[in-house]
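Line order of the protein sequences matches chains D and L.
When you line the first sequence up against full-length UniProt numbering, it's residues 1 to 250, in that order.
When you line the second sequence up against full-length UniProt numbering, it's residues 1 to 250, in that order.
Just so you know, not all the hints are guaranteed correct.
Chain copies aren't distinguished; within one or between two, either way the pair holds.
As the list claims (entries may be wrong) - Only pairs whose alpha carbons sit at most 27 Å apart, straight line, appear in this in silico DSSO-like list of lysine-lysine:
| id | residue 1 | residue 2 |
| --- | --- | --- |
| 1 | LYS23 | LYS82 |
| 2 | LYS182 | LYS25 |
| 3 | LYS134 | LYS32 |
| 4 | LYS15 | LYS25 |
| 5 | LYS19 | LYS3 |
| 6 | LYS45 | LYS182 |
| 7 | LYS192 | LYS25 |
| 8 | LYS247 | LYS182 |
| 9 | LYS242 | LYS192 |
| 10 | LYS3 | LYS134 |
| 11 | LYS179 | LYS32 |
| 12 | LYS104 | LYS182 |
| 13 | LYS179 | LYS45 |
| 14 | LYS242 | LYS179 |
| 15 | LYS234 | LYS23 |
| 16 | LYS15 | LYS82 |
| 17 | LYS82 | LYS104 |
The set of hints was computed from the structure by calculation and includes no laboratory data.
2 protein chains.
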Amino acid sequence: MGKTLLSSISTRAPKEFDKQETKAKTEAIMQKLDELQNLLYAESKHAILIVIQGMDASGKDGVIRNVFGTLNPQGVTVKSFKVPTAEELSHDFLWRVHAHAPAKGVIQIFNRSHYEDILVTRVHHLIDDDTAKKRMKAINDFEQLLTEHNSTRILKFYLHVSPEEQQERLNERIHDPAKQWKYNANDFEEAKKWDDYMRVYDDAFTHCNNVPWTIVPADQNWYKEYLIANTLLKTLQDLDMKYPGLKKEQ
Amino acid sequence: MGKTLLSSISTRAPKEFDKQETKAKTEAIMQKLDELQNLLYAESKHAILIVIQGMDASGKDGVIRNVFGTLNPQGVTVKSFKVPTAEELSHDFLWRVHAHAPAKGVIQIFNRSHYEDILVTRVHHLIDDDTAKKRMKAINDFEQLLTEHNSTRILKFYLHVSPEEQQERLNERIHDPAKQWKYNANDFEEAKKWDDYMRVYDDAFTHCNNVPWTIVPADQNWYKEYLIANTLLKTLQDLDMKYPGLKKEQ
Chain D
1 MGKTLLSSIS TRAPKEFDKQ ETKAKTEAIM QKLDELQNLL YAESKHAILI
51 VIQGMDASGK DGVIRNVFGT LNPQGVTVKS FKVPTAEELS HDFLWRVHAH
101 APAKGVIQIF NRSHYEDILV TRVHHLIDDD TAKKRMKAIN DFEQLLTEHN
151 STRILKFYLH VSPEEQQERL NERIHDPAKQ WKYNANDFEE AKKWDDYMRV
201 YDDAFTHCNN VPWTIVPADQ NWYKEYLIAN TLLKTLQDLD MKYPGLKKEQ
Chain L
1 MGKTLLSSIS TRAPKEFDKQ ETKAKTEAIM QKLDELQNLL YAESKHAILI
51 VIQGMDASGK DGVIRNVFGT LNPQGVTVKS FKVPTAEELS HDFLWRVHAH
101 APAKGVIQIF NRSHYEDILV TRVHHLIDDD TAKKRMKAIN DFEQLLTEHN
151 STRILKFYLH VSPEEQQERL NERIHDPAKQ WKYNANDFEE AKKWDDYMRV
201 YDDAFTHCNN VPWTIVPADQ NWYKEYLIAN TLLKTLQDLD MKYPGLKKEQ
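Starting from the given sequences, assemble the full structure and let the hints guide the process.
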């Protein structure tokens, strides 16, 4: 069993990043995002889909709160994908996901996503490698559909924490009264499958990278938030949007 | 034709409110709302439904952006109700609305709502008074269902602007390049039906007040935002929520 891709990537901010400076930069980016989101909504030519994946306690909820919490909720929606219901399982695995694809003008955030169908399902041997391979093909086709047919920019973030940092955060959930509601004894069991998860993540990054993944060093929240906000900023700036003028019939 | 209820209520902030002081108060309220929303989400015992109604350009979008824009988007969703689709019209008028009723733990905002079905439809004579009366009964029953059977607190806000303020804002949409996308020539036609709208609103306030309406003086954004934020704050404080401890199986 070889080293995984993820094990060779640091979970900490690059040395040249200073915490206070970076936080100030993030603050400035947020201001720009606010205006650009308004423009995205007004123009309604492009859609944005943000996929957030990561191990338990990697900070997915925190990103949503801190990076997207200042945007206009009218143009931002969050969908958390949990264990599929019986109805969802009676359809193909992308059925429930497609229903939440973003409309033009909207930023849609996926807290977990269709990737769980080739991650947790593989670790628990609910699907075999052949099925996983077919699903990865279907995921690529699906992402191409959204990209080409509804002008969707898809940003995929993997929140990369170390197993030590994860343990620390899971333990905190036992002791901090404001975090106990998030605690799930099962998370510790899942954590033991760390290496298995790293291997299936590797496979997902390798085979589903037509829309590229961003591996986000996520042990420090301030760097994680900066990198995600900055990636979104560049994406929105790249769209070269303009406020539409008066409608033609005027 | 008598004076309407709304014509006797000022569209401006009460004299004792100072703009800068009020803005500072709103800022402080927002901080508290952020924590209380987290608690609402963590506890997941209660749902919040916020209904925002008002004439064109009364500031509905602005409220959503400025009052709810700092909350965690994971627990806040916005549904804008537009002209019903053919599929929606092939169901009862509450069908499309019920689908967006808030889950426990969530703040759901309605930008326009089921009330349009007894407002714009009456002004345009799409329904008669008898149908309107039956719909008002159905609305009361529906609001009671959400209140009693899913622990939902419903806050209904009417953004009360003067016709003069409305005209000024509609004109601004023609001239401000960042607002032209909102301009709709038809809004000026609708504005001519002001008195008709005030009468059907009056009727809605009279007959659908089991869950009470808040009439929000809305000519000045700073007062409107304060009043709505403060009403939400009091509602959340009144719920007397607590962070759940560790799950029982622990």
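We went through each hint and held it up to the structure:
1. LYS23 / LYS82: neither (32 Å within a copy, 40 Å between copies)
2. LYS182 / LYS25: Result: close neither inside a copy nor across copies, 30 Å intra and 32 Å inter.
3. LYS134 / LYS32: Neither: 40 Å inside a copy, 48 Å across copies.
4. LYS15 / LYS25: Cα proximity of LYS15 and LYS25: one copy only (16 Å, versus 41 Å across).
5. LYS19 / LYS3: Result: close neither inside a copy nor across copies, 31 Å intra and 62 Å inter.
6. LYS45 / LYS182: between (38 Å within a copy, 15 Å between copies)
7. LYS192 / LYS25: Neither way: LYS192 and LYS25 sit 37 Å apart in one copy and 49 Å across, limit 27 Å.
8. LYS247 / LYS182: between (48 Å within a copy, 9 Å between copies)
9. LYS242 / LYS192: neither (50 Å within a copy, 32 Å between copies)
10. LYS3 / LYS134: Classified as within: same-chain Cα gap 25 Å, cross-chain 69 Å, threshold 27 Å.
11. LYS179 / LYS32: Between copies only: 18 Å across chains, 32 Å inside a chain, cut-off 27 Å.
12. LYS104 / LYS182: So LYS104 and LYS182 pass the 27 Å test across copies only (16 Å; inside, 33 Å).
13. LYS179 / LYS45: Answer is between; shortest inter-copy Cα gap is 17 Å, intra-copy 40 Å.
14. LYS242 / LYS179: between (43 Å within a copy, 12 Å between copies)
15. LYS234 / LYS23: within (17 Å within a copy, 33 Å between copies)
16. LYS15 / LYS82: Cα proximity of LYS15 and LYS82: none, with 36 Å in one copy and 51 Å across.
17. LYS82 / LYS104: Both ways: LYS82 and LYS104 sit 25 Å apart in one copy and 16 Å across, limit 27 Å.
Checked against the numbered hints above, the structure breaks hints 1, 2, 3, 5, 7, 9, 16 and satisfies the rest.
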